[in-house]
Amino acid sequence: MAQPLVKKDDDRDDEADYSPFLGIEKGAVLQEARVFNDPQLDARRCSQVITKLLYLLNQGETFTKVEATEVFFAVTKLFQSKDTGLRRMVYLMIKELSPSADEVIIVTSSLMKDMNSKTDMYRANAIRVLCRITDGTLLTQIERYLKQAIVDKNPVVASAALVSGIHLLQTNPEIVKRWSNEVQEAMQSRAALVQFHALALLHQIRQNDRLAVSKLVTSLTRGSVRSPLAQCLLIRYTSQVIRESSTNSQTGERPFFDYLESCLRHKAEMVIFEAARAITELSGVTSRELTPAITVLQLFLSSSKPVLRFAAVRTLNKVAMTHPLAVTNCNIDMESLISDQNRSIATLAITTLLKTGNESSVDRLMKQITNFMADIADEFKIVVVDAIRSLCLKFPLKYRSLMNFLSNILREEGGFEYKKAIVDSIVTLIRDIPDAKESGLFHLCEFIEDCEFTYLSSQILHFLGNEGPKTSDPSKYIRYIYNRVILENATVRASAVSTLAKFGAMVDSLKPRIFVLLRRCLFDTDDEVRDRATLYLKVLGGEVTVGETETDANDFLFGSFDVPLVNLETSLRNYEASEEPFDINSVPKEIKSQPLAEKKAPGKKPTTGLGAPSNGPVSAVDAYERLLSSIPEFAGFGALFKSSAPVELTEAETEYAVNVVKHIYDGHVVFQYNCTNTIPEQLLENVTVFVDASEAEEFAEVASKPLRSLPYDTPGQTFVAFEKPEGGPATGKFSNILKFIVKEVDTSTGEAEDEGVEDEYQLEDLEIVPGDYMRKVPVANFKNAWESMGPENEQVDEYALGVRESLAEAVSAVINILGMQPCEGTEVVPSNSRSHTCLLSGVYIGNVKVLARLSFGISGPKEVAMKLVVRSEDPDVTARIHQIVIES
Amino acid sequence: MILAVLFANTDGNILVERFHGVPAEERLHWRSFLVKLGAENLRGARNEELLVASHKSVYIVYTMLGDVCIYVVGKDEYDELALSEVIFVITSAVKDVCGKPPTERLFLDKYGRICLCLDEIVWKGMLENTEKDRIRRLIRLKPPVEP
Chain A
1 MAQPLVKKDD DRDDEADYSP FLGIEKGAVL QEARVFNDPQ LDARRCSQVI TKLLYLLNQG
61 ETFTKVEATE VFFAVTKLFQ SKDTGLRRMV YLMIKELSPS ADEVIIVTSS LMKDMNSKTD
121 MYRANAIRVL CRITDGTLLT QIERYLKQAI VDKNPVVASA ALVSGIHLLQ TNPEIVKRWS
181 NEVQEAMQSR AALVQFHALA LLHQIRQNDR LAVSKLVTSL TRGSVRSPLA QCLLIRYTSQ
241 VIRESSTNSQ TGERPFFDYL ESCLRHKAEM VIFEAARAIT ELSGVTSREL TPAITVLQLF
301 LSSSKPVLRF AAVRTLNKVA MTHPLAVTNC NIDMESLISD QNRSIATLAI TTLLKTGNES
361 SVDRLMKQIT NFMADIADEF KIVVVDAIRS LCLKFPLKYR SLMNFLSNIL REEGGFEYKK
421 AIVDSIVTLI RDIPDAKESG LFHLCEFIED CEFTYLSSQI LHFLGNEGPK TSDPSKYIRY
481 IYNRVILENA TVRASAVSTL AKFGAMVDSL KPRIFVLLRR CLFDTDDEVR DRATLYLKVL
541 GGEVTVGETE TDANDFLFGS FDVPLVNLET SLRNYEASEE PFDINSVPKE IKSQPLAEKK
601 APGKKPTTGL GAPSNGPVSA VDAYERLLSS IPEFAGFGAL FKSSAPVELT EAETEYAVNV
661 VKHIYDGHVV FQYNCTNTIP EQLLENVTVF VDASEAEEFA EVASKPLRSL PYDTPGQTFV
721 AFEKPEGGPA TGKFSNILKF IVKEVDTSTG EAEDEGVEDE YQLEDLEIVP GDYMRKVPVA
781 NFKNAWESMG PENEQVDEYA LGVRESLAEA VSAVINILGM QPCEGTEVVP SNSRSHTCLL
841 SGVYIGNVKV LARLSFGISG PKEVAMKLVV RSEDPDVTAR IHQIVIES
Chain B
1001 MILAVLFANT DGNILVERFH GVPAEERLHW RSFLVKLGAE NLRGARNEEL LVASHKSVYI
1061 VYTMLGDVCI YVVGKDEYDE LALSEVIFVI TSAVKDVCGK PPTERLFLDK YGRICLCLDE
1121 IVWKGMLENT EKDRIRRLIR LKPPVEP
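As given, the protein sequences belong to chains A and B, one line each in that order. Residue numbers for the first sequence follow our numbering, so the first one is 1 and each next one is one higher. Residue numbers for the second sequence follow our numbering, so the first one is 1001 and each next one is one higher.
Rather than coming from a laboratory, the hints here were simulated on the basis of the structure. It is possible that some hints are incorrect.
Okay, derived cross-link-like pairs now, DSBU-like style, lysine-lysine, Cα gap no bigger than 35 Å in a straight line [said to hold, decoys possible]:
| # | chain 1 | residue 1 | chain 2 | residue 2 |
| --- | --- | --- | --- | --- |
| 1 | A | 77 | B | 1124 |
| 2 | B | 1036 | A | 113 |
| 3 | B | 1132 | A | 153 |
| 4 | A | 437 | A | 305 |
| 5 | B | 1095 | A | 26 |
Output of the computed footprint for chain B on chain A, the stretches with three or more beta carbons under 8 Å from beta carbons of chain B [unchecked claim]:
| # | segment |
| --- | --- |
| 6 | 19-28 |
| 7 | 46-56 |
| 8 | 82-90 |
| 9 | 148-161 |
| 10 | 297-307 |
| 11 | 574-587 |
Counterexamples of contact, computed for chain B against chain A with all Cβ distances above 12 Å [stated by the list, open to error]:
| # | residue |
| --- | --- |
| 12 | 1009 |
| 13 | 1095 |
| 14 | 1096 |
| 15 | 1099 |
| 16 | 1100 |
Idealized CB from N, CA, C, for every residue including glycine.
Using the sequences and the hints given, assemble the complete structure.
Below you can see the structure in the form of structure tokens.
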């Protein structure tokens, strides 16, 4: 363990203030612990020594194995003393030492004796200690006593047993689940705390049984729950039940809503809060339902307690994301919080106001924020900057004052993350608000004149290279760019050279002058800078030809690099030098999709920043590809196109847990069955899945790879491969049976019997659907991608989707069927909206890029209609996407 | 889960620290983070005034009791409200043991008692006992008086 930051500083001059632990040393205390072995125990002295040991442990001191064992054995001697104060210390000390399994046995009998003692408090404490240090085998021995303890007359004993149950449920669920009747009885206890603990345990035992939870909630919401804590738990469970049940479609009423509303009038603040928060988090909450909750939260905004103010403003901040209008009533209270002593509260208040404010209040708000920004830390500033970006996208007409604000704060002091957030915001505004482009680019140019962050400078230069040549007067940017070549470090200089070259390539009138500048770079001290300058001069000057036209040359020099760098790195590492050259097309292009910044929790980095979308962690696809290519049977299938998310083929908590991953190749599919054996008494051998493909006519089984052995709780995989027609769109249904040889295992020795029995286990069916041939690939800017794809292979059609539960449900259903990546956060449908447009992108098998624009509308009786516009690189694929919608 | 309960003196020296479910290598980071937070905000705070902060998905409620700074860190169901309940129990139990808001010396004099109180209040990262009278009896192994 880490050493304490600062040990207690002991050399004080002030006599009266010296520490009782002055000069404490581990060795000396361990020596003192020998008093535990005295035949005549001095309880007071022993307590003092234990206090010293506790002090050492609490300061981060550690005992070696030998020391801990020695102290532990000495402490067990103290059970002989009848002194209650000392006994209490002994209980604590044993827990702190957390002895190993072979040592536990020494105290078990003493603790068991205490567990059956007539003194209630011995019973309670012994239960806590035993449950803390016990393992599964001992637990079965003491289970009988624990069950009795749960219904003990003494509430302390009952609570001790119940709380122990909550902890033991993590490690020994099957044992604790047997206590359900006793726990139910404890629920009726008159002691408030017992009821609270019993409720928590009962819910945990039954959490997978929706019906039981619903019954529990129904009975308790009618009855009286005594402690406010239990009331809070009940509110949480109630909102869970509400989430899982649907609204009464006739009256539009929500079950249990009355209960939540009544809790808003409870006398305990925590209950009021819990209820208010539960109401604001209801899915599809209406403004009528929100009003009472917002009213109580508004009262808390002016509470004298910072915690309550924080909780209220945090909740309202969340509400403002989905229902800004509902929160506007609180704006006046919120504005007074901007000057709150607590910066967390002030920041939340500001960001909430930025969400709820209307166009006319923007200027006043910006003035207030300017004063506020000076005295908060960077992490809070980032939150504010993100909120301002969203505000500007909402009120594009106000871009002037918001852009000015951003450029002002860009000039002030700040760390990298903060500056990056500002730059990202300006870039987003430039992209989305055409009027803001020129002034935004100018602010960025000013910034790089005095920017200490190499990363930001290079990113801005890259962005300038893309956007600058398209402005009305590109030449005015050249000065800023060339200054970088003179003044900066090699990395920035190299970026500046590339940017200059882009201007040269895209603006003919500037070309001769750019060439002069690039030639000067040929004498740079850094080789990368020289290399780039040489390459650009040769290619742009026409001395070397790349491709056939000028466009080809530009593509070669500046085209986007559509392979994620992480994937490229992995592929290059896997590549072994041979006759065959490395093929960049073999690099998988799938990256983990990331939702848009606006939906993310504050503090995370936005993805709508500069350049290409940032690469997520190495995707599961890489791991799959490595796994599959290591199996000789599948090596000849070519490049893996897509791997699906695991599909469960068994219910939760069955004997064998199996899920399947569908791997799609051009001419094959491979099913990877991930199996887990959850029975300790069994060893499975020769595990295979028998697949019946009679409902999938186009598929023919070609290979199967059994799993040799599947021991308890160690997942393993078996594979089945099918041949199918090249490309799409073969679909079908497969039924699966798990076959294996089962052998009994002696759990005490872990040895399996020699003889086994053949057995099989029915799994759920599995389907290959059209969406399996589509890979989710996000595009950074949908509008650009859509326009560059062009209308040649466009197909438009309208569809009636019939009566749906809601617009959001219809949108997500279509997204799922198509299996494409929603872009720019358009998969989220604002509640109560009557129409919605959703943008999707993807790559169809055969590496054909596809974009789709879906417009939905919903009528009074919930009839949903959809207009689907598809563009792709291949007219057949465009038609096929429409076919998918028609067929499903 | 209550991730941490930490007591420090005004100079930032640790008096008691108890972590639950925090990996050993992250504890040092938490300790310095909390002490820094206290140094920046607790100076000039009223006795027992609750301050609150959140860091990623974790909540922190902290206060000053006499000469002792108390920090409680939690996540999930232990949000700022639940933590303020926890810290209220802790401060009232400490005051009960010490008889008044403690000086550092008084706190260390009553160290053993305070450890026992904490043991009654937080049990492996969950709030257990909440009433100071009950806790006072429990740490002496006396059965509480039920209302």
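Taking the hints in turn, this is what the structure says about them:
1. A:77 x B:1124: The hint holds at about 26 Å.
2. B:1036 x A:113: 47 Å, violated
3. B:1132 x A:153: This hinted pair holds, its Cα atoms lying about 22 Å apart.
4. A:437 x A:305: 46 Å, violated
5. B:1095 x A:26: 29 Å, holds
6. 19-28: holds (count 3)
7. 46-56: As far as the segment 46-56 of chain A goes, the hint holds, because 6 residues have Cβ atoms under 8 Å from chain B.
8. 82-90: As far as the segment 82-90 of chain A goes, the hint holds, because 5 residues have Cβ atoms under 8 Å from chain B.
9. 148-161: Coverage by chain B holds here, the residue count being 4 at a Cβ distance below 8 Å.
10. 297-307: Our answer is that it holds, as 3 residues pass the Cβ test (under 8 Å) against chain B, meeting three.
11. 574-587: Answer violated; 0 residues pass the 8 Å Cβ test.
12. 1009: Violated, since 8 Å does not exceed 12 Å.
13. 1095: 18 Å, holds
14. 1096: Residue 1096 (chain B) is indeed farther than 12 Å from all Cβ atoms of chain A, at 16 Å.
15. 1099: 16 Å, holds
16. 1100: Nearest chain A Cβ is 16 Å from residue 1100 (chain B), so the label holds.
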